[in-house]
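*Asks:* Residue strings, one per chain:
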Amino acid sequence: NAGVTQTPKFRVLKTGQSMTLLCAQDMNHEYMYWYRQDPGMGLRLIHYSVGEGTTAKGEVPDGYNVSRLKKQNFLLGLESAAPSQTSVYFCASSSRPNTEAFFGQGTRLTVV
Amino acid sequence: GESVGLHLPTLSVQEGDNSIINCAYSNSASDYFIWYKQESGKGPQFIIDIRSNMDKRQGQRVTVLLNKTVKHLSLQIAATQPGDSAVYFCAENPSGTYKYIFGTGTRLKVLA
Numbered sequence: 158n159a160g161v162t163q164t165p166k167f168r169v170l171k172t173g174q175s176m177t178l179l180c181a182q183d184m185n186h187e188y189m190y191w192y193r194q195d196p197g198m199g200l201r202l203i204h205y206s207v208g209e210g211t212t213a214k215g216e217v218p219d220g221y222n223v224s225r226l227k228k229q230n231f232l233l234g235l236e237s238a239a240p241s242q243t244s245v246y247f248c249a250s251s252s253r254p255n256t257e258a259f260f261g262q263g264t265r266l267t268v269v
Numbered sequence: 009g010e011s012v013g014l015h016l017p018t019l020s021v022q023e024g025d026n027s028i029i030n031c032a033y034s035n036s037a038s039d040y041f042i043w044y045k046q047e048s049g050k051g052p053q054f055i056i057d058i059r060s061n062m063d064k065r066q067g068q069r070v071t072v073l074l075n076k077t078v079k080h081l082s083l084q085i086a087a088t089q090p091g092d093s094a095v096y097f098c099a100e101n102p103s104g105t106y107k108y109i110f111g112t113g114t115r116l117k118v119l120a
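Quick mapping for you: the protein sequence lines, in order, are chains U and B.
Position in the first sequence (from 1) plus 157 gives the number in my numbering.
Position in the second sequence (from 1) plus 8 gives the number in my numbering.
These are calculated hints, taken from the structure and not from any lab test.
Do not rely on the hints blindly, as some may be mistaken.
Stated by the list, open to error - DSS-like mimics (lysine-lysine), calculated; alpha carbons at most 27 Å apart, straight line:
| hint | chain 1 | residue 1 | chain 2 | residue 2 |
| --- | --- | --- | --- | --- |
| 1 | U | Lys166 | B | Lys50 |
| 2 | U | Lys166 | B | Lys107 |
| 3 | U | Lys171 | U | Lys228 |
| 4 | B | Lys79 | U | Lys227 |
| 5 | U | Lys171 | B | Lys79 |
| 6 | U | Lys227 | B | Lys107 |
| 7 | B | Lys64 | U | Lys228 |
| 8 | B | Lys64 | U | Lys214 |
| 9 | U | Lys214 | U | Lys171 |
| 10 | U | Lys214 | U | Lys228 |
| 11 | B | Lys79 | B | Lys64 |
| 12 | B | Lys50 | U | Lys227 |
| 13 | U | Lys166 | U | Lys214 |
| 14 | B | Lys50 | U | Lys228 |
| 15 | B | Lys79 | B | Lys107 |
To be verified - If you only want the chain B side, here are some residues facing chain U, beta carbon under 7 Å, derived:
| hint | residue |
| --- | --- |
| 16 | Pro17 |
| 17 | Gly24 |
| 18 | Asn101 |
| 19 | Pro102 |
| 20 | Lys107 |
To be verified - Listed next, with one range per pair, are the computed distances between beta-carbon atoms:
| hint | chain 1 | residue 1 | chain 2 | residue 2 | range |
| --- | --- | --- | --- | --- | --- |
| 21 | U | Ser237 | B | Gly24 | 50 to 56 Å |
| 22 | B | Ser103 | U | Gly234 | 29 to 35 Å |
| 23 | U | Val207 | B | Lys50 | 23 to 29 Å |
| 24 | U | Ala239 | B | Ala87 | 45 to 51 Å |
| 25 | U | Gly220 | B | Ser48 | 35 to 41 Å |
Glycine included, C-beta positions come from ideal geometry on N, C-alpha and C.
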């Protein structure tokens, strides 16, 4: 029962470096999401996807790109990391709108 | 642990007492609502949901109340236990969208 799996769990980047966060779900869900969580601000939606090959911007998309080449995977990329992107990143998936979203365990990213 | 809200509102409850956590949601077009629990170092975990055609829904030891007139949601936990200590988030899903909008969260501390 893997559910939603995120890799890596922790990462430290230098300013200007790039990286990709991987999210994989084994529930055959159509919808996938990337959120960031910062102190006192709850979870904010970065990008989301409503199916394989589709992506859309969320509330805070600047500085991030995403791809959904396979239904089970949703990748979040940082092309040139900035200290403001220090955060905990969560991936989630759901089978359809208006239903429970399942979350991964999170990736703690620090940009120095 | 993860960085979940250094300045979150905190509710302290004696073990065995009932807890009530409140949430004001923002979008009058929201028609689906979820309560999530987040323990230290983990992703949000589904507790209970409610649709806008209901004003109350009960689960095991938990009850969610929805007041659409004032855009207010509450989570009641009966006989609060130490394992209930966590941060609780409400989330709303505006009708016709795929997005979940999260509140900033409330930290529940259970006192022995």
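*Asks:* Going through the earlier hints one by one, which of them does the structure break, listed in rising order?
*Replies:* 3, 4, 5, 7, 8, 16, 17, 19 and 25
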